[in-house]
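K.L.:
So you can see what is in the structure, the chains are spelled out below.
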Amino acid sequence: MNTFLHISPITASILVMLFPLLAFIIQAVLGKKSISGNIALIGIIASAVISLFGVFLPGWNSTSVLQKWEWFTIGEHTLYVGILVNNLTALMQLVVCIIALPVHIYSRAYMKGDSGIHRYWMYLSLFCFAMLGLTVSLNLLQLYIFWELVGFASYLLIGFWFTKETAVQANKKAFLINRIGDIGFLIGIALVYAHCGTLDLSTLFDQTSSTPLIDKNTPWATFAGLAFFLGAMAKSAQFPLHVWLPDAMEGPTSVSSLIHAATMVAAGVFLLCTVFPLFNETVLLVIVLIGTLTALSAALFALGQYDIKKILAFSTISQLGFMMVGVGIGAWDAAMFHLTTHAFFKCLLFLCAGAVIHEMAHLKAKAQLEFDPQDLRHIGGLRRFMPKTFGCMVIASLSLAGFPFTSGYLSKDSIVITAYEWASHLGGVYVLIPVLLIIVSILTAFYIGRLIFKVFFGSFKYRSYIKTGMTFHEAPNAMLIPMLFLAAGSLFPLFGLSLTNYHHTWIMQALDVDTVYPTLTQAHLFIPALLTGGAILGWLLGWNWYVKNKYPLSENNSFVHFANKQGYLNEFNDRIFVKGSIKLSRILYAFDRHVVDGLTNLFSWFVRQLSVVVYWFDKHVIDGLVNLFAHATYYIGHLVRHVQNGQLQAYLGFALTIVVLGILYLIIK
Amino acid sequence: MGVLSILIFLPLVATLLILTLPSSAKATYKYIALGFTFLQFGLSLYLYGNFDATLGGIQQLDAYQFVEQLSWIRMDLGAIGKLEIDYLIGVDGISLPLIVLSTLVMLMGVGASWNIDKNPKGYFALLMILNTAVMGIFSALDFFLFYVFYEVMLLPLYFLIGIWGGERREYAAIKFFIYTLLGSVLMLLVIVGLYFSVINPVTGAHTFNMLHMMNPANYVDGSFFAYITNYHEVFGIPARLIGFIVLFFAFAIKVPIVPLHTWLPDAHVEAPTPVSIILAGILLKVGGYGIIRVCYSIFPDIAAYTNWWLALIGVISILYGALNALAQKDLKRMIAYSSVSHMGFVLLGIASLTAEGLSGAMFQMVSHGFLSAALFFLVGVLYDRVHDRYIYNFRGLASLMPKYTAYVAIAFFASLGLPGFSAFIGEAFVIIGAFNAESMSTGVPRWMAIGGSIGILLSAAYFLWTLQRMFFGQTRLKGGQAWQEALTDLNIREQVILFPALALALLLGIMPSLVFGNLNASVLQLIELIKP
Amino acid sequence: MITLTHFLVVSACIFSIGLYAVLAKRNTIMILVGIELMINAAILNFVAFGKYDKINYGGQVFALFAIVLAAAAVAVGLAIILNVYRHFKTINPENIHELKD
Amino acid sequence: MNISIPNILDQIIASIPLFKPELTLIIGFIVCIFTALFMEKRWKNSTFTACMVTLVFSLYYLVDQLSTTGTGFSGMWLVDMLSTYARLVIISSTLIIAIFLQQRHSKNNGDVYSILLAATLGMHVLSSTSHWLMAFIGIEMVSIASYILVGYFSQNKIQSEAAMKYVLFGSVCAAVMLYGLSLVYGLTGNLDFQSAEHLQGLMDAPEAVITLALLFVFAGIGFKLSFVPFHVWSPDVYQGAPTAITAFLSTIPKIGAIILFARLYQSWSSTAFYFSELSTWFIMVVAIVTMLVGNLAALRQQDVKRMMAYSSIGHTGLLLMAVFAYQDAFSYLLFYIVAYVIMNLATFIFIDQLEQQTESTSLLSYAGMGKKMPMLFTAFTLVAVSLIGIPPTVGFVAKLMVFTSTFSVFQSSGNTGILLLLVVGALTSVISLFFYFKIPLYAFLRDSGKESYERKRSSVVLLIIAYLLTATIILFGIFPNWMMLMLS
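Protein chains in written order, with UniProt numbering: chain A, 1 to 669; chain B, 1 to 532; chain C, 1 to 101; chain D, 1 to 488.
Keep in mind the hints are simulated off the structure, nothing from the lab.
It is possible that some hints are incorrect.
Stated by the list, open to error - When the alpha-carbon atoms are kept at most 20 Å apart in a straight line, the in silico SDA-like pairs for lysine to any residue are as follows:
| id | chain 1 | residue 1 | chain 2 | residue 2 |
| --- | --- | --- | --- | --- |
| 1 | D | K371 | B | L19 |
| 2 | C | K100 | A | H642 |
| 3 | D | K157 | C | I17 |
| 4 | B | K329 | A | H620 |
| 5 | C | K25 | A | F654 |
| 6 | D | K157 | C | N27 |
| 7 | C | K100 | D | D303 |
| 8 | D | K372 | B | S24 |
| 9 | C | K89 | A | Q647 |
| 10 | C | K100 | A | K32 |
| 11 | B | K118 | D | M375 |
| 12 | A | K32 | B | A406 |
Stated by the list, open to error - Computed beta-carbon distance windows for the label pairs:
| id | chain 1 | residue 1 | chain 2 | residue 2 | range |
| --- | --- | --- | --- | --- | --- |
| 13 | B | K82 | A | G624 | 13 to 23 Å |
| 14 | A | Q609 | B | V220 | 49 to 59 Å |
| 15 | D | M486 | B | Q69 | 23 to 33 Å |
Claimed, not checked - Here are some chain A residues pointing at chain D (derived, C-beta under 7 Å):
| id | residue |
| --- | --- |
| 16 | I636 |
| 17 | H638 |
| 18 | R641 |
| 19 | V643 |
| 20 | L648 |
| 21 | L652 |
| 22 | G662 |
| 23 | L666 |
| 24 | I667 |
Every residue gets a Cβ at the ideal spot worked out from N, C-alpha and C, and that includes glycine.
Isolated chain A, as found in the complex (with noise of 0.2 Å):
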């Protein structure tokens, strides 16, 4: 298959990425004209074929290919710019494509008639550019390039409704958060430098030379690690970088969607899995723990939202933290296999969000209704209206939730399971890491299942209103194929054909990293059964909870007992797990808003007074101190002329003391 065209990986790769730069070129010249996106689709089109036929295909399981080009030099060193093809990059570049490609379509659905369609286009295109340049480039500076410039798109996307006050706040805090993660890559990258003289990603980790650049347990190179580390924090949003991203979803859903969970958060991830090599222990030790907390404390936090996008958000966050821990055991396989599912998911569960809120959006806006069309308070039972939505709801939901047969189960358990033999392998309180990671993935398909049942079953609140020939009614095919197509990523035949066993999918097949521990055979078995019955035991709680929020079982039931049993059990679960969790998120969910991202703002507002300060200091103190000299001198000046009060003797007598006193002085001395 890789005859196709005769063009090398790279010289695709390249294509890859030129499309959508040219398709903003033109669209930015073009201005108000292109409203249509079809510039940017056939860009993305473009990219999406050539990545996967003539980059991945040709590209994946043969060795890595890499071509640079001079760009300049300083000094004695010269950078390069160039394009690495390996499996890392490769799939990357795919997932991106492949995301990127529906909700492109989606787009042209959801955002037709807005007044700023063209700068939408024009943004969209920019950011696939700066994302696909990401993936494969070779260079760290040019990939820190890339990594500010999708930064930099999401900034513009964030703010895309300019007018809107919460947008702007949003996207500055976005951008201002993800500057802290930068300035750490920045540093990574002069530590690096420092120390290597170069920044191709292929000398630097060159495997094959006998003698590596980096000594990685170097003081230095924990310092780099951690550097980078937060530059991937901030991007990742991880805690408590993670501020910034519930605030994202500010944006369009369809943005949201693309950027703020498939692609470009992952960006983290991708960066920790290229610069793996450089990590030593401790950072990863520091990793897997950040990573956990993040997870842990997302997770809790998506429990209590009542904003369908927040709650999406959050869940981002969490699966987030399992990639990082994925990464921070040293499976980054694992992590890079949990993104790729994750992505489809994730991506298919905010367009159908974006799809539900779109026509809650309609329906108030057709009868002049007050109120959130994201507040799952007022959403429900929209299962009959919108079946097709409904089914790829589930569907991502239940991948979210790791239910088997889905790809989401494939890659959890990847991380969880690895994450157990780590721990096993290094004994003592390490356990904990995948214990929290299996509550977490509980919690997970919990908080999930409660968004399904709210949003989809339940009664709905304004059927009055459709009752009155307000039609309520499934989202256009433009958004519904995209949402299909993901729906069917979002299983697990396309990573393989085992149902249970990562193993066999062939991206770990193909990134297989060797672990210096053990695998357990055991935890293949339990874990799984494990998470799957905690996630199903958690939808079991939901649907009793959310759906028929009261007892299921009439009296003469042969099951009575068990049912009453359930019941207890039931009230049980419900007073300890779920009230018990949802207040338990609520706190915590207070404690971040106020706290953590309390304390962001308390730090800007600090900046902002200690500014003040500042520039009070130099206002008054030090021009202050240049005008008092002046002022200083001209007195001075003043006092000097008290000589010249006009009396001619005064003038003879002050000129002849002098000289008196010099005389005197001379003698004397």
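Based on the hints, put chains B, C and D in the right spot on chain A.
P.N.:
Okay, now just chains B, C and D, sitting in the frame of chain A:
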């Protein structure tokens, strides 16, 4: 009359032309000025094109290009020997980018002063004199010549600010003048000292030739600034250290560094738009150029000895300027302080004494050159429309003047160091160089580099804040309806001026080799000179 | 017998008196007189020293010139003071201070 | 030494050639008196013409004296390059002053020219002698002539007061100096301060007496140069005197005095005894103080002439610096003098022009004049720039040369005091910027509330001269060696 001399003295011709033309022809002045600056720009491009990047320059004359040497002043002062002053000009990798930059910024400046109606004759005449002085500074290799141009530069500026400036123009003008003169008179003393310490190896006479001053062999033993066997001390401080400090002080005022920067906000805010463009675009660079060409090249030993402090000053300027910018309510003042912050990077890079840092600093100077010019021009656009710069008086301009907003956004992001634009390369390599300094053991610790990188964050903060505060959100203006009409979008002329600058920022951001290519040899040479 | 010292002492006294007059008198004419005294003190010195200057009579010659010049100066001074009196109707230097900072 | 009459006569006759220019002046002086008495009625400007002719002639004699050096009148008259060039400068600037007077005070001005010539003669004497007697005569001639000049046109209170202050202060200083001289004479028994026994006498003399004598002597010179503390008279007199006379006062008398002082210092500082040390320190301290006082006091002035008085005090400080650094090479000393003269003459001509326009010498009256007479104020600004010492003007080169020579002294002696001298010199030029630039500040930056004045009595000749002077300021600023060529 070599091409370089033509480049320098062309504007003088323009001045004479303008002065001789009767006031009835005042409409033509700006076209004359524009024409001559265009010619200059062409010449500078010619220089750029015919520049041999392999030659280092710095302290060896044969490695300079477009050199012209005429004996200018020969005076027999009897007991104290012959006064030997040459008209010696030349270009090396350090000065070439700045020359090209200056011509470009001058072009922008002339374009920006298109609708100056108050006494255009004097205005353009002074502008052209300034132009000459600037070109002279960047190409003079004889210290006397350098000093002459350096001082001549001040006079036109005083009047440009003082006559065409804002309300507090008198204060700003004299403040600027006094500040700079204070630096330069002390510099004059050091020049005299150097004159007596250095002899021209060929003629054996004392000389003002900078290149001779850079060569330790030419120093007279026991002279005041002698390299070796120098016992001269003033109040216990070695003479050479004093000399370096004084020269640094003189140029640091121009850069400007904290705490010698307070003339800058006043001068920028009070100056008319074209003048602030030139101030920020060219004159600040004179400081950086002076530090490299004079302080570091003539006192390399001291440079290596003091760079810790210089770097510290640089970091302080970065953070201090950024914080000040964050606190501003006047847009122009904000940008002025941002210049302080960005020029801090230059100092940090220079002080790092690494090839990366120095090149980064040079690049930062170039990029800051036209970026700050563009920024000031943008402020000027707003000020022309409604004569107000107060950030809080504007809201949601984006929906009112989309083109303008687009340009502002690009300019802001370019200067807050968004990759793909030139400022990023400059700042990134300053940081990288500062990090590298420890590996090169030039004595600049890493925490300074980190401090610098925090400056990048802050710059993002104030630019984004301004962007959000002024341009986004619902349109609300202090001036109400009147402003609504006044605030028309950019016209063709303004776009013609803005577009090249921003395009150049992008171009250099993508192909830094355009600058680095010509820089490298000289930078390496300088590093060699400083590291014996 | 009168030695050089006597001359010097006397001339010093005269000089001081003249100086006093110059500084203290409230009448411009008296100031002129004081100046005259000072000059004469100097002349006295010259003559006294001239006694010991064998070669050429530098002292005496100087004395002569000094006398002439002093006379000229005083003449001019008087004329100007007259002029002042025309404008100010007084010659008390205390009251003549149009010009000052 | 043989003092038989024929010998002396021979000597006198032999010395006549060295004395030609002065002889012309003397003759011219007498001629002027007569023309003023008899011809003025019939032919106006006759005296002026006579004066001009005299000056031109003596200029001519000077020029062909350029190569000759020698002493005459039994060592009382001393002609060398320094004196010749100094006298050249004096004569040429006197020419300008004469024209100035003629332009400004056309009526009953006959005797002014004779007095002017007398002053010039005195200056010549000062600048070409090393003998105290001659020096004293010279000083007195100049002083008396200047008293008369100041008082000559006195129509109002201010001018007469100025004259009075000048004459009294001057006479007192002269008297003090005379007393000092008498002591010096007593100590040394020889009045030629370059001769060996003079120095020998000073070496043997007791310190206390030396101190007294020297300071008294310096008082006289200080009055002429108006350095601190003998500067107090100059602001009042400068302000009070007619502008043309102020121009004269601020330039010419200083030349002679500074030359004398330079000779004196050179010959005295050659040895390493108390008196030379004393004079060294004296000059250093006085120079520093003078520069500071002059420039600081000028900051607050609102009257241009008064401001210029202080500025010239400040420049005296720099002149002292030049004297301090004066060794055999007089070129930069002369250079500074010439620069100073040119700048001051130009300045006062401009001031005078404006005085004619605005009937005032107050800076406030310049407000907004820049628009009405741009040419004049541009030139004026350039002169101010030169006075500050900013390139590309002759003022800068002069200052640079003074600094250079002073630094060379510093490098050889390593005396930190000299460094202080240099630093003060540099800093004061920054201070001076502030008040000199009041002129363009008012002229260009301020707007005048008043209506424009009718142009009256603005003399074209003077303006042309002033512009020429300005041109030379720039020209010599860029090509100082041209001037040096003329000087050597």
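K.L.:
All hints are to be evaluated individually against the structure, with a verdict given for each.
P.N.:
Hints, verified against the model:
1. Among the hinted pairs, D/K371 with B/L19 is consistent with the structure: their alpha-carbon atoms are about 15 Å apart, no more than 20 Å.
2. For the hint pairing C/K100 with A/H642, the CA-to-CA distance comes to about 9 Å; that is within 20 Å, so the pair holds.
3. Our distance criterion of 20 Å between C-alpha atoms is broken by D/K157 and C/I17, whose separation comes to about 31 Å.
4. Note on B/K329 and A/H620: the hinted pairing holds, with a Cα-Cα distance of about 17 Å set against a maximum of 20 Å.
5. Distance restraint check for C/K25 and A/F654: the Cα-Cα separation of roughly 16 Å lies within the 20 Å cut-off, and the hinted pair is therefore satisfied.
6. For the hint pairing D/K157 with C/N27, the CA-to-CA distance comes to about 18 Å; that is within 20 Å, so the pair holds.
7. A hinted pair counts as satisfied when its Cα atoms are at most 20 Å apart, and C/K100 with D/D303 qualifies at roughly 11 Å.
8. This hinted pair checks out: D/K372 and B/S24 have alpha carbons roughly 16 Å apart, not beyond 20 Å.
9. Straight-line distance between C-alpha atoms of C/K89 and A/Q647 comes to about 17 Å, which keeps the hinted pair within the 20 Å bound.
10. Of the supplied pair hints, the one linking C/K100 and A/K32 is violated, its CA atoms being roughly 76 Å apart against a limit of 20 Å.
11. For a cut-off of 20 Å, the pair hint linking B/K118 to D/M375 stands: about 17 Å separates their Cα positions.
12. With a CA separation close to 14 Å, the supplied pair A/K32 and B/A406 stays within the 20 Å bound.
13. The given range of 13 to 23 Å is broken by B/K82 and A/G624, whose C-beta atoms sit roughly 48 Å from each other.
14. At about 57 Å, the CB distance of A/Q609 to B/V220 agrees with the hint of 49 to 59 Å.
15. One distance hint, 23 to 33 Å for the beta-carbon pair D/M486 and B/Q69, holds here, with the actual separation near 26 Å.
16. Proximity of A/I636 to chain D holds as hinted, the smallest CB-CB distance being about 5 Å (cut-off 7 Å).
17. For the restraint placing A/H638 at the interface with chain D, the shortest Cβ-Cβ distance is roughly 6 Å, inside the 7 Å limit, so the hint holds.
18. Given the 7 Å rule on beta carbons, the hint for A/R641 holds: about 5 Å separates it from the nearest Cβ of chain D.
19. For A/V643, the interface hint holds, since its Cβ comes within 7 Å of a Cβ in chain D; the closest pair sits about 6 Å apart.
20. Below 7 Å, beta-carbon pairs count as interface contacts, and A/L648 has one with chain D at about 5 Å; its hint therefore holds.
21. Here the hint on A/L652 is kept, as its CB sits about 6 Å from the closest CB of chain D, short of 7 Å.
22. The restraint placing A/G662 at the interface with chain D holds, with a minimum CB-CB distance near 6 Å, inside the 7 Å limit.
23. Taking 7 Å as the C-beta cut-off, the interface hint given for A/L666 holds, the closest approach to chain D being about 4 Å.
24. Interface hint at A/I667: satisfied, since its Cβ lies 5 Å from the closest Cβ of chain D, which is below the 7 Å cut-off.
Taken one by one, the earlier hints fail for this structure at numbers 3, 10, 13, listed in ascending order.
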